[in-house]
Each structure stands twice: as structure tokens, then as C-alpha cells.
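**Q** If you want the building blocks of each chain, they are given just below.
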Amino acid sequence: MIDLSVDLPGLKLKNPVMPASGCFGFGREYSEFYNLRQLGGVIMKAATGEHRLGNDTPRVAETASGMLNAIGLQNPGVEKIIANEVPFLAKYDIPILANVAGSTVEEYVAIAERFNRSESVNALELNISCPNVKEGGIQFGTDPSMARDVTEKVKAASDLPVYVKLSPNVSDIVEMAKAVEQAGADGLSMINTLTGMQIDLSRRKPLLANQTGGLSGQAIKPIAIRMIYEVKQHVAIPIMGMGGILTAEDVLEFLLAGASTVAVGTANFQNPYVCPEIIEVLPNVLQKYGFDSVKAAIGKGHEA
Amino acid sequence: MIDLSVDLPGLKLKNPVMPASGCFGFGREYSEFYNLRQLGGVIMKAATGEHRLGNDTPRVAETASGMLNAIGLQNPGVEKIIANEVPFLAKYDIPILANVAGSTVEEYVAIAERFNRSESVNALELNISCPNVKEGGIQFGTDPSMARDVTEKVKAASDLPVYVKLSPNVSDIVEMAKAVEQAGADGLSMINTLTGMQIDLSRRKPLLANQTGGLSGQAIKPIAIRMIYEVKQHVAIPIMGMGGILTAEDVLEFLLAGASTVAVGTANFQNPYVCPEIIEVLPNVLQKYGFDSVKAAIGKGHEA
Amino acid sequence: MKKRVDMIVQSVREIALDTFEMTLQNAETANTAKPGQFLYLSVEGHTLRRPISIADADPESGTVTILFKTTGDGTKHLSMFCSGMNLDVIGPTGNGFYCDAGTVKTALLIGGGIGVPPLYYLGKELRKNGIGVITVLGFQSKEYVFYEEMFQEFGKAYVATNDGSYGYQGYVTDILDQVGHFDHYYSCGPISMLRAITSKLRTHSGSISLEERMGCGIGACFACVIPADNEGGYRKICTDGPVFAAGEVRL
Amino acid sequence: MKKRVDMIVQSVREIALDTFEMTLQNAETANTAKPGQFLYLSVEGHTLRRPISIADADPESGTVTILFKTTGDGTKHLSMFCSGMNLDVIGPTGNGFYCDAGTVKTALLIGGGIGVPPLYYLGKELRKNGIGVITVLGFQSKEYVFYEEMFQEFGKAYVATNDGSYGYQGYVTDILDQVGHFDHYYSCGPISMLRAITSKLRTHSGSISLEERMGCGIGACFACVIPADNEGGYRKICTDGPVFAAGEVRL
Ligand SMILES: Cc1cc2nc3c(=O)[nH]c(=O)nc-3n(C[C@H](O)[C@H](O)[C@H](O)COP(=O)(O)OP(=O)(O)OC[C@H]3O[C@@H](n4cnc5c(N)ncnc54)[C@H](O)[C@@H]3O)c2cc1C
Ligand SMILES: Cc1cc2nc3c(=O)[nH]c(=O)nc-3n(C[C@H](O)[C@H](O)[C@H](O)COP(=O)(O)OP(=O)(O)OC[C@H]3O[C@@H](n4cnc5c(N)ncnc54)[C@H](O)[C@@H]3O)c2cc1C
Ligand SMILES: Cc1cc2nc3c(=O)[nH]c(=O)nc-3n(C[C@H](O)[C@H](O)[C@H](O)COP(=O)(O)O)c2cc1C
Ligand SMILES: Cc1cc2nc3c(=O)[nH]c(=O)nc-3n(C[C@H](O)[C@H](O)[C@H](O)COP(=O)(O)O)c2cc1C
Ligand code: FES
Ligand code: FES
Chain B
1 MIDLSVDLPG LKLKNPVMPA SGCFGFGREY SEFYNLRQLG GVIMKAATGE
51 HRLGNDTPRV AETASGMLNA IGLQNPGVEK IIANEVPFLA KYDIPILANV
101 AGSTVEEYVA IAERFNRSES VNALELNISC PNVKEGGIQF GTDPSMARDV
151 TEKVKAASDL PVYVKLSPNV SDIVEMAKAV EQAGADGLSM INTLTGMQID
201 LSRRKPLLAN QTGGLSGQAI KPIAIRMIYE VKQHVAIPIM GMGGILTAED
251 VLEFLLAGAS TVAVGTANFQ NPYVCPEIIE VLPNVLQKYG FDSVKAAIGK
301 GHEA
Chain U
1 MIDLSVDLPG LKLKNPVMPA SGCFGFGREY SEFYNLRQLG GVIMKAATGE
51 HRLGNDTPRV AETASGMLNA IGLQNPGVEK IIANEVPFLA KYDIPILANV
101 AGSTVEEYVA IAERFNRSES VNALELNISC PNVKEGGIQF GTDPSMARDV
151 TEKVKAASDL PVYVKLSPNV SDIVEMAKAV EQAGADGLSM INTLTGMQID
201 LSRRKPLLAN QTGGLSGQAI KPIAIRMIYE VKQHVAIPIM GMGGILTAED
251 VLEFLLAGAS TVAVGTANFQ NPYVCPEIIE VLPNVLQKYG FDSVKAAIGK
301 GHEA
Chain A
1 MKKRVDMIVQ SVREIALDTF EMTLQNAETA NTAKPGQFLY LSVEGHTLRR
51 PISIADADPE SGTVTILFKT TGDGTKHLSM FCSGMNLDVI GPTGNGFYCD
101 AGTVKTALLI GGGIGVPPLY YLGKELRKNG IGVITVLGFQ SKEYVFYEEM
151 FQEFGKAYVA TNDGSYGYQG YVTDILDQVG HFDHYYSCGP ISMLRAITSK
201 LRTHSGSISL EERMGCGIGA CFACVIPADN EGGYRKICTD GPVFAAGEVR
251 L
Chain S
1 MKKRVDMIVQ SVREIALDTF EMTLQNAETA NTAKPGQFLY LSVEGHTLRR
51 PISIADADPE SGTVTILFKT TGDGTKHLSM FCSGMNLDVI GPTGNGFYCD
101 AGTVKTALLI GGGIGVPPLY YLGKELRKNG IGVITVLGFQ SKEYVFYEEM
151 FQEFGKAYVA TNDGSYGYQG YVTDILDQVG HFDHYYSCGP ISMLRAITSK
201 LRTHSGSISL EERMGCGIGA CFACVIPADN EGGYRKICTD GPVFAAGEVR
251 L
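Residue numbers (our numbering), protein chains in the order written: chain B, 1 to 304; chain U, 1 to 304; chain A, 1 to 251; chain S, 1 to 251.
Looking at chain B on its own, in the form it has when it is part of the complex (with noise of 0.2 Å):
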């Protein structure tokens, strides 16, 4: 028997695999193809402070072997999502995390602070790296010093554990990572979507009608792969790997980069059922591979 499960502060996975945020709404939809129970955990759509709108659209476009969206943090905002979302996935019984996103330290803050008093919220996901909103979420993300100020104030608003979502646009990962791992975050995820853009010929004028957008699936895995095992030689706390994943052999690469759990993003629009599906060949190849656990695989793409 291969043991898929993962223990991570506030989580115990049953397996490593979750579907990332913004690539799963609130998991309404996917559940007309699958049971969610069969998920290692669920992470949600970001939630703001109010309800927002988002960006105009068109909001995505494809690249090669992968796509650019300027979603731009549509959502409900925190109570509706408390109130009508959360009890949805509830019923499911796999741990579920919230995506935090805010303009402000402040919004941080309060969104933390609802999802501390909220029931079923296991964990929070500090999206410090939204490229698609004007004000707030990148500057948190590429600045280790403000990165440091929103972990610390919203580790000491929540006694949810916090893993802070890394932006990849940076010149340097590990300083990031340092910053919020000394500003006590649990974990890191990452990486965010990199930031990119594509021009419409016709049009003359850049597809997305929010001009940029973030960059996600395969094509942005090498990137995803090399930023983890950087920074797994760096940090103590664990990491939740995302990038580009779409199949099992994937997953095993970012357990060897160092990830302790990951999340796939794109890959869920191409095949609805990738979560499952990944699941259940994942004992096969950690098995073809040599490893009797998730837990045997990680980091062990560091040589001694």
C-alpha cells in the first residue's frame, strides 16, 4: 500500500492533491463531475472584503501550452462565501482552505479574522500575488518588507494556520520566502501565475481588456519546479506546489522539488475530472519511481 497522505500545520491531507484557487470556484461545478470527498483539499476562489466585480472582459486568452487570465478577483466577497460557499464544501469532509486576497493590510486583516470565526475554514492561503487587480496584491508580493507586515498582522489576527501564496515576478524567491517564513507564515504556496500579455492583430491593442494578464499551465512548470527547489534550501516550513501540473508524474516532480502537497490550477479546464484522475495513478508512479509515500518523495530531488 502506497500512503498518499500528507500532514501540514492545520491540514491532514488524505492525499496531496487540491485544486488551485480561481481554477475551481467554489467546487459547485466540479462536484456535477465528480465527488469532492476523493480530494486530498479544496482551495477556494479568493476572497476580498466586499463583493467585486472583476475585471472587463475578455478576461482569458491561450498561449502555447498555456493561458493568460485577468480574471481580476470577481467574487462574492468574505460573507457570502462564509454564508453560502463554505457549507457547500462542508459536507465534503476534506480540508478546506481560504484565498485571501486585499487592496490593504487592513482588508487582510479582516477577511483573516472572518475566516477565524468561521467553522470549516482549515487553513489560509495569503494571495500576496495577484498580478490582474490595479491597486494592492502585487506590491505585497514582490516587496519582502510589506510581504513580512501583512503575514505578521494576519498570523496575529487568526489562529488559522497561514500559507502565503508567492509571486513568481520577483528577481528573487528566496528573499521572499524568508521574509514571510521569519514573519511566521506555516507555509508557502506557490507559484502564482507570471505576469504576461498577448496583442490582438486585428484589434491592434492587447487581448485582455485588462491589457496584462497571469500566466498558468504547463508552459510555466520549469518555472514552478526551479523556484521551489530554490527555496525548499532555504526554508523550514512547508511548501504547496503549483504550476503547470497535469498529470502524476508531475506531481512527483514537485514532491521531489521540494513541495510537500500541490494544487492543480489550468489543468481542471482541459480535463474536469485531472484531480481524480491524478489521484488515483499517483500510487502507481511514486511506485514506478521507488517511493512507498508522498511523504518518501519530498525534497529528495536534492542531492545529498
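Just so you know, not all the hints are guaranteed correct.
Just the calculated beta-carbon pair ranges, DEER-fashion [stated by the list, open to error]:
no., chain 1, residue 1, chain 2, residue 2, range
1, A, N86, U, R37, 43 to 49 Å
2, B, R37, A, N86, 27 to 33 Å
3, S, S205, A, G45, 47 to 53 Å
4, B, A236, A, G45, 39 to 45 Å
5, A, T71, B, P87, 39 to 45 Å
6, B, T104, A, E231, 22 to 28 Å
7, A, R4, U, D149, 52 to 58 Å
8, A, A101, B, E32, 50 to 56 Å
9, B, T104, U, L53, 49 to 55 Å
10, S, G170, A, A27, 55 to 61 Å
11, U, H302, A, T71, 23 to 29 Å
12, U, Q287, B, P87, 55 to 61 Å
Subject to a maximum C-alpha distance of 30 Å in a straight line, what follows is the list of computed BS3-like cross-link-like pairs (lysine-lysine) [what the hints assert, rightly or not]:
no., chain 1, residue 1, chain 2, residue 2
13, B, K295, U, K205
14, U, K14, S, K2
15, A, K69, B, K14
16, S, K2, A, K3
17, U, K14, S, K3
18, A, K2, U, K300
19, U, K295, B, K288
20, A, K142, U, K288
21, S, K3, U, K80
22, B, K205, A, K76
23, B, K300, U, K205
24, U, K205, S, K76
25, B, K205, U, K12
26, S, K69, B, K288
27, B, K300, S, K76
28, U, K178, U, K295
29, B, K300, S, K69
30, U, K205, B, K205
31, B, K14, A, K2
32, S, K3, U, K91
33, U, K288, A, K69
34, B, K80, A, K2
35, B, K205, A, K69
36, B, K91, A, K2
37, B, K14, U, K205
Away from chain U, derived, C-beta distances all over 12 Å, residues of chain B [to be verified]:
no., residue
38, M1
39, H51
40, V86
If you're looking for bench data, these hints aren't it; they were derived computationally from the structure.
Keep in mind it's a predicted model, so treat the numbers as computed, not measured.
Beta carbons are placed, not taken as given, at the ideal position from N, Cα and C, and that holds for glycine.
Given the structure of chain B, go ahead and fit chains U, A and S with the ligands onto it with the hints provided.
**A** The following block gives chains U, A and S with the ligands in isolation, referenced to the frame of chain B:
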């Protein structure tokens, strides 16, 4: 008649398409496939002060819509390049750009001086962004003050126009671009590769001997376009655009984003004829989208 | 439970310039598809699926027909599929066209370009329910015209081309005054056409089918929203649409 | 002028576990290919081409044969090609096996696994030139063995499998003492095997064929270098090789 010509500091190009540095050697091999005279110009493989042997193998890996390379600046050194390679290229009567890479400011300056004294080199491409060498290279590309310093000193040491090749592995590409513009750069060349990694599941370690490598190819095009688009709004000097170009439509996308000329790298490996093929269809593509010259398309993706 | 299904390509043929008709075999889909719904097709080598409307469904033969224009790489790829090949599909997806046979006696179908296909299946179903059908179709030019005779089987069908190379010269809106009485209109086509129609037919009841770039195609990613005056302030085209009542969303 | 050529797939068949034989039609290539050279094949959806050795070439029928093992996505994709399909190829590329018919009267071929194919074409040419051929082939296990009888046509052929499920149990190096006299050896296979052989046959003259991950495949990118004691300090496998004199490069 669609006019493909572009005039840049020191470079009168009959068309905007050149092979990118490191993906074309010194032209000999591709000259066995077609007459290099068709090219807009040619950018040579990086030159260092002395002969370099580069990294161990494996040096390349394939990724989704891209590849990683960690050649490590293998080259015979500036003297031999001037003695053995430049004369060969000079026969074709096309502008020659020398890609200059060093570990220290002094090495950059020495190479630039040497090329300055040579006959047939028309411009320098200052490679301050090579991610695949242990010392030097990348720090110049991520620290604006180091980039400014090396640009100034190279400018002072050489009369050749200097195009500074920027690294995409930075939090703020505009800051880097402004720094080298202020330092006197005649133009920018962007982007170099993004640092990535692939892990070999069987050997449980990074596939490349150098561990990390530079990600190139179609996968990175959205990042290149975004960076050029952003930089174009803040600098006045011309931009040589590159990153994932495969077709004439891609070339137009770079022109609209703000590039004045382009370089094609990885695509040469897929199709050795890619440069002349793009040059052949570029007039049709320009016409299809309503342009009667390359010049007319430059920067036209920026709304009024 | 929703499903991803495999559909077998039965035939592909070019029926007008750059316009292909593809027949797909899948009994379940053919049985459940409603006019206005779309298939969300996976095309190898492409990250995102392609939404294509159902142009016809025949429960008897177990086939579904789609029509598409080769505007980009994905549709070009699709046009090169051969019979016997497999297509990975999510669908039928989205809602269908609204029709209250009680109030609608005569329907007006207004299609523009590659917006025409879903109206064919709709017209067929309307006629089946005894509803009268008048059709107005607009195309760029003669080479792009398709399915005219098939709409004529439903009733009067007008065709306009932008350049006058076939039928009336002009836009579909130029013909609307000639069509006589109708109780409800159904329209699908470019957004500019839909804007012109909904404004011109302001006083009529109508349904419009919209397009937007999609991510998930099933309502989870918020890629395909359109502003609306409902409580949330928006509707999703992939699941709340693609068909909306005219006036329900802000074009 | 070098060229990129289109070759037409004539047949593909599995000749051993995960091992495929593909025949390709292209008269020019079939006429010019030398033993030891390789084809650099483009596989749709993959950035880099795949280097595969020429296992046979027949100027009369204008065909070239390649053999490959499905170790990854590219070769899996290749194995699914159907006859009639087109393959975009750079090649024949690289140098060929060295042979001085004046000094070489008997040749020893030593192949390991998927390193065996180029030796077949070589053996055929050697025999054509009246040179005696002894063969030693090593495979993982019985299911992977291929082409044994074809090598036996050249002369004595020994087969070893790592697990002893066929032929001798052990490595090709274990058999080398039994083969008798030879003037030159030719070897292709895993690097560990080549290391063992060149060290064991230190006193013999030999040629080895090497593998390395490639970028351009034509000598321009420096991806495929191997350290050597020549002036430059390295050789390129794609153009200076893939065949080297044993001792010319540092394994
Ligand atoms: C509900 C719905 C029904 C549709 N029905 C039809 C139909 O019956 N026949 C038909 O020919 N076309 C239809 N379209 C448009 C069709 O989806 C696009 O033409 C197609 O996706 C273009 O793909 P491509 O690869 O050729 O173009 P590319 O430009 O290469 O596509 C790039 C990306 O943009 C998306 N995209 C491009 N144009 C559109 C568009 N107009 N709408 C939505 N996404 C787009 C693609 O899906 C893809 O993700 C429909 C669109 C929607 C939303
Ligand atoms: C000169 C030469 C001759 C060869 N001849 C044969 C042959 O006749 N039959 C055969 O089965 N194999 C041969 N190989 C090995 C063959 O090239 C690889 O097995 C093949 O490229 C793997 O591709 P893939 O897509 O299946 O694997 P993947 O692992 O998906 O390939 C990923 C990348 O790594 C490269 N790669 C992986 N393994 C190798 C390797 N061993 N050597 C070089 N590049 C590799 C691929 O080309 C590709 O760029 C030869 C290699 C060389 C250099
Ligand atoms: C459509 C879309 C919406 C996203 N929304 C969010 C979000 O709300 N919060 C967040 O932290 N990340 C968001 N992401 C980023 C993903 O969670 C993930 O980090 C990224 O897409 C990389 O993973 P992938 O390549 O598997 O998609 C979004 C990504 C996509 C494609
Ligand atoms: C194999 C390889 C070698 C390269 N060597 C150099 C180099 O020596 N100097 C340099 O400035 N850039 C080098 N580059 C980067 C390219 O010039 C180019 O900036 C990058 O690959 C992006 O373009 P592409 O996607 O078209 O390949 C190299 C790229 C590759 C793939
Ligand atoms: S496409 Fe994802 S919500 Fe409509
Ligand atoms: S593969 Fe480029 S030099 Fe050999």
C-alpha cells in the same frame, strides 16, 4: 511594396529578422542551409574574454512549448571569434552584432574594446542576463546599479552602439530598462531566458548538469510581449524583441508591442529555415493587418 | 452528474468559404441536446477548449451537427479531423433558447455569419411545435452563405450580404421592416449586430445568444461574465447563457 | 547545401517490447546515408527534434529504416505514426563509422539495447566490403531482444541478457573474451557499457557511437559536447560524432 527596412543606431537593416545569440553559433552551420545574406542581421554567440568550456552535459532539456538550456557561455574567446568567425560572417554583407558576456566589469570592457577595434562588427549586444554561469552575468541583469555601471563603462570604452540585453528574471523590468537607458545604452534587447528547472524522476535530481537552465521558446512569448510593452512606455531607445518567435505573426506581435526589430532563437532548432521563411511571408502578414512597412507597425499595439 | 464524453467524427465538409459542417456520433448527446446549447471541444495541443454551438441533433441517428468557421488554429485543426476520429467533449453545455408555445405563434430568427448555426436547430424544433418561422440571415459576401435552402423549408427566409454579392445588400437590420408580424425574435451573431437588433427591436420580446472567451466552460472560473442588472451584477455566458432574454444583460 | 527533407512513413511495427521498426521512404536519403549517421526527426508538439540512428538504408527501394525504443513522449508519438504520414527530417546527420578495409579484416560489433540498430547497417556494409563480422549484443531481458538472426547472417553472433532470460546471463563485456581475434571493434550502447568496453579493450582499436541531448543537431548550439583532448577541449556529438575513435573523447 511593403518596406521591411529598419534603421537603428549603427544598424541599417533590410528587414527586422535576425537569429538570436547562442541559437545560431557563428552562422557557419546555418549557412549550409541557406544564404545568410537574406537575414536582416546576425547576432553572434556570446563572446567572453578567454576561451570557455561551459557547463557539463546534459545542457538542454525539453519543456512544454519550450526548452531549457545551460550551455554556460562555451565559446573560443573574443580573439578567436574576431580572427576566425567574424570574417566568415562579414562575407554576407549583413550587420553583425557581437554578444558580449563577462564575469566582471573589466571583462565586459575588455571584450567591448576588442570588438571596437575589429573591422566588421556593427554593434554590441551586452549580455547582462545569462542565467547559466556561476559568477557574473545574472547579477548585472537584476541589479539596476550594476547594470548602469557596466553599460556606462562599456559605452566609454567603445564607439559601437550598445544594445543591452535584459533579463526577464526581475521584479521590475522598467526600472532595469530605465537604468541602462540613462547609462547611455543605444538600445535594448529583450528578453533573455527565464530561469527554470526540470527534475529527472529516475535519477532524482535536476536533469541539467547545471541544475537550472534558461527557459526559451514559445512558452515565454507572453512574458516577452508584456515586458516589451511595459518598457516601451518608459524608454525612448529602440528595442530588439525576442522570446518565442516562430512565425511572421509573432514578429508583428513584437512590433506592435514596441520592438523595432526581432531575433529568433529556439525556433531555429525546430526549423533551420525559420528566419528566411519568416522574412518571406512577413510582407503578406503586414499587409493583411493593414501596414505598408515594418516601421509603420512599431509600437502600434499601444492605444492612443 | 455532468460528463465529459467522447464523440466520433462521422463527416467533415466545407459548406462555404472557411465554413465547415461536422457530424458527430454520440447517442446520449443527440438525445439530450437543446437548441442554443453548445459543445465544449478539446483540440489536441491547445490549452483551452473551443465552444461550438449545436447546429442540429438527430436522436434517431444519434448524431449531432456542428458548423464552424476556421478563424484560428483550433478551428483549423478541427477542420482537418477525419471520420472515425475521436473528439473529447464537455456538453451539451449552457441553457437553451426560451420558447413559450403558448404566446409565440410566429418566431423571427436573425442570424449573422457563424451565428447562424444554432438557429437552424432552433427553427427545426419550433416548426415541430407548430410555430411559424421567418428567417433573416446576414453574411459578409456570397462565398460565405450557407444553409439558405434549409431555412427556406421553415418559411420565408431573407438573405443579406454586406457587399451585396448575394441577396439584399446591407445588414440584417435593414431587412427587419419587411418581415411582417412576429411574436418573439431569436438572434445570434456578432455583438455589433446584436446591439443594433436589440436596439431596433426594443419593443419586441426576444432572445439573444452571446459569445465570450471561456476558461472552464462550466461556470467555475468567471472568465465569461457579462454585466447584468440582477443581484450579483453579472451573468456567466457558459452556464447562465449563452442565451439570454434581450435586455437581461448589458451588451 | 544541407536540407530538411520530408520522409514518408512506409511501415511501423513493434519488433520487441517497446521497440519499433519504422521504414521511411526518401530516395536521396537512402542513397547518401552512411552507417553511424542519424536522422534528426521533428515530432509535432515537441520543441526539440529527436535523434535516431539509421539502422538500414536501401538505395534500391529508396527506403531508410530506423529502430527506436519508446522511452518518452516523443518516441511514443512516433510509434503511433501510420503509413503514408510525413516526417520532417534533418539528415543524414553526423559522421559515419570509420573503416579502413586495408587494416580491418575482422570487425567486432558490440551493441547494447537500443544502441544495436546502427550496427546492423554497419555490419551489412562491412560484409559487402568483404570484412568478417562478429557480433555481441546485450539486452535487458528476453522481451527486448531483436535482430539476432539478422546479425547471425553476418557471422557469429552472441547475445547476452542482464537477467539471463535469453542467451548468456550477464553483460556484453563478460563475453568479449570468447570472441576470438578482431582488428577493430565498433560499439554503441549505454555510456556505462561504453566505459566498460573501452577500458577492457584498451589495447584494441575501436570506434564508439555516443548519445547526448541535443538542441540544434547541426553543430551550432554547443548542447551536445563531450570533453576531448584536442585543441578546443571538446567535440560535438552531433557533427564531430556521433562516432568517435575510442580514446578520442573522455567518457
Ligand atoms: C457559446 C458559443 C458558441 C459558439 N458557436 C460557434 C459556432 O457554432 N461556430 C463557430 O464557428 N464558432 C462558434 N463560436 C466561436 C468559436 O468558439 C471560436 O470561433 C473559436 O473558439 C475560435 O477558436 P480558434 O482556435 O479557431 O481561434 P483562436 O483565435 O486561435 O482561439 C484562441 C482562443 O480564443 C477563443 N476564442 C476566439 N474567438 C472566440 C469567440 N468568438 N468566442 C469565444 N471564444 C473565442 C478560443 O476558444 C481560444 O480559447 C462560439 C462561441 C461561443 C462562446
Ligand atoms: C546520435 C543518437 C542516435 C540515437 N539513436 C537512437 C536509435 O537508433 N534508437 C533509439 O531508440 N534511440 C536512439 N537515440 C536516443 C533517442 O534520441 C532518445 O531515446 C529519444 O530522443 C527520446 O525521446 P523521447 O521523446 O521518447 O523522450 P523524452 O525523455 O520525452 O525526451 C525529452 C528530450 O530529451 C532528449 N533525449 C532523451 N533521451 C535521450 C537520449 N538517450 N539521447 C539523446 N537525447 C535524448 C529527447 O531528444 C528530447 O529532446 C539516439 C540518440 C542519439 C544522440
Ligand atoms: C482563471 C484563473 C484564476 C485564478 N484565480 C486565482 C485566485 O483567485 N487566487 C489565487 O491565489 N490564484 C489564482 N490563480 C492562480 C492559480 O491558483 C495557480 O497558482 C496558477 O494558475 C498556477 O497553476 P496552474 O498552472 O496549475 O494553473 C488563478 C489562475 C487561473 C488560471
Ligand atoms: C541554446 C541557447 C543558447 C543561448 N545562448 C545565448 C548567449 O550566448 N547569449 C545571449 O545573450 N543569449 C543566449 N540565449 C538566449 C537567446 O538569445 C534568446 O534571448 C532566448 O532564447 C529567447 O528567444 P527564443 O525564445 O526565440 O529562443 C541562448 C538561448 C538558447 C536556447
Ligand atoms: S468559462 Fe469559466 S465561468 Fe464561464
Ligand atoms: S546539438 Fe547543437 S551543437 Fe550539437
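**Q** Now tell me if each hint is right for this structure.
**A** Hints and how they fare:
1. A:N86 to U:R37: 43 to 49 Å: holds (48 Å)
2. B:R37 to A:N86: 27 to 33 Å: Once the Cβ atoms are compared, 30 Å apart, the range 27 to 33 Å for N86 (chain A) and R37 (chain B) holds.
3. S:S205 to A:G45: 47 to 53 Å: holds (49 Å)
4. B:A236 to A:G45: 39 to 45 Å: The hinted range 39 to 45 Å holds for A236 (chain B) and G45 (chain A), with Cβ atoms some 41 Å apart.
5. A:T71 to B:P87: 39 to 45 Å: holds (43 Å)
6. B:T104 to A:E231: 22 to 28 Å: holds (27 Å)
7. A:R4 to U:D149: 52 to 58 Å: At roughly 57 Å between Cβ atoms, D149 (chain U) and R4 (chain A) fall inside 52 to 58 Å, so the hint holds.
8. A:A101 to B:E32: 50 to 56 Å: The hinted range 50 to 56 Å is violated for A101 (chain A) and E32 (chain B), with Cβ atoms some 29 Å apart.
9. B:T104 to U:L53: 49 to 55 Å: holds (53 Å)
10. S:G170 to A:A27: 55 to 61 Å: Since G170 (chain S) and A27 (chain A) have Cβ atoms about 58 Å apart, the given range 55 to 61 Å holds.
11. U:H302 to A:T71: 23 to 29 Å: The hinted range 23 to 29 Å holds for H302 (chain U) and T71 (chain A), with Cβ atoms some 25 Å apart.
12. U:Q287 to B:P87: 55 to 61 Å: The hinted range 55 to 61 Å holds for Q287 (chain U) and P87 (chain B), with Cβ atoms some 59 Å apart.
13. B:K295 to U:K205: holds (17 Å)
14. U:K14 to S:K2: holds (25 Å)
15. A:K69 to B:K14: Given that 30 Å is the threshold and the Cα spacing comes to 46 Å, the pair is violated.
16. S:K2 to A:K3: The given pair, whose Cα atoms are some 51 Å apart, is violated under the 30 Å limit.
17. U:K14 to S:K3: Holds, because 25 Å separates the two Cα atoms, which is no more than 30 Å.
18. A:K2 to U:K300: Distance ~45 Å between K2 (chain A) and K300 (chain U) Cα, so the pair is violated.
19. U:K295 to B:K288: Violated, because 56 Å separates the two Cα atoms, which is more than 30 Å.
20. A:K142 to U:K288: Distance ~21 Å between K142 (chain A) and K288 (chain U) Cα, so the pair holds.
21. S:K3 to U:K80: holds (29 Å)
22. B:K205 to A:K76: Holds. K205 (chain B) to K76 (chain A) sits at ~24 Å (cutoff 30 Å).
23. B:K300 to U:K205: Holds - the C-alpha atoms of K205 (chain U) and K300 (chain B) are around 8 Å apart, at most 30 Å.
24. U:K205 to S:K76: Distance ~24 Å between K205 (chain U) and K76 (chain S) Cα, so the pair holds.
25. B:K205 to U:K12: Roughly 28 Å between the alpha carbons, so the hint for K205 (chain B) and K12 (chain U) holds.
26. S:K69 to B:K288: Distance ~18 Å between K69 (chain S) and K288 (chain B) Cα, so the pair holds.
27. B:K300 to S:K76: holds (28 Å)
28. U:K178 to U:K295: holds (23 Å)
29. B:K300 to S:K69: holds (28 Å)
30. U:K205 to B:K205: violated (43 Å)
31. B:K14 to A:K2: Cα-Cα ~25 Å, so holds.
32. S:K3 to U:K91: holds (22 Å)
33. U:K288 to A:K69: This hinted pair holds, its Cα atoms lying about 18 Å apart.
34. B:K80 to A:K2: Given that 30 Å is the threshold and the Cα spacing comes to 26 Å, the pair holds.
35. B:K205 to A:K69: Roughly 23 Å separates the two Cα atoms, so the pair holds.
36. B:K91 to A:K2: holds (19 Å)
37. B:K14 to U:K205: With a Cα-Cα distance of about 26 Å, the restraint between K14 (chain B) and K205 (chain U) holds, given a limit of 30 Å.
38. M1: Per Cβ check, M1 (chain B) is outside 12 Å of chain U; nearest 21 Å; holds.
39. H51: holds (29 Å)
40. V86: holds (34 Å)
Violated hints, in rising order: 8, 15, 16, 18, 19, 30; the structure is consistent with all others.
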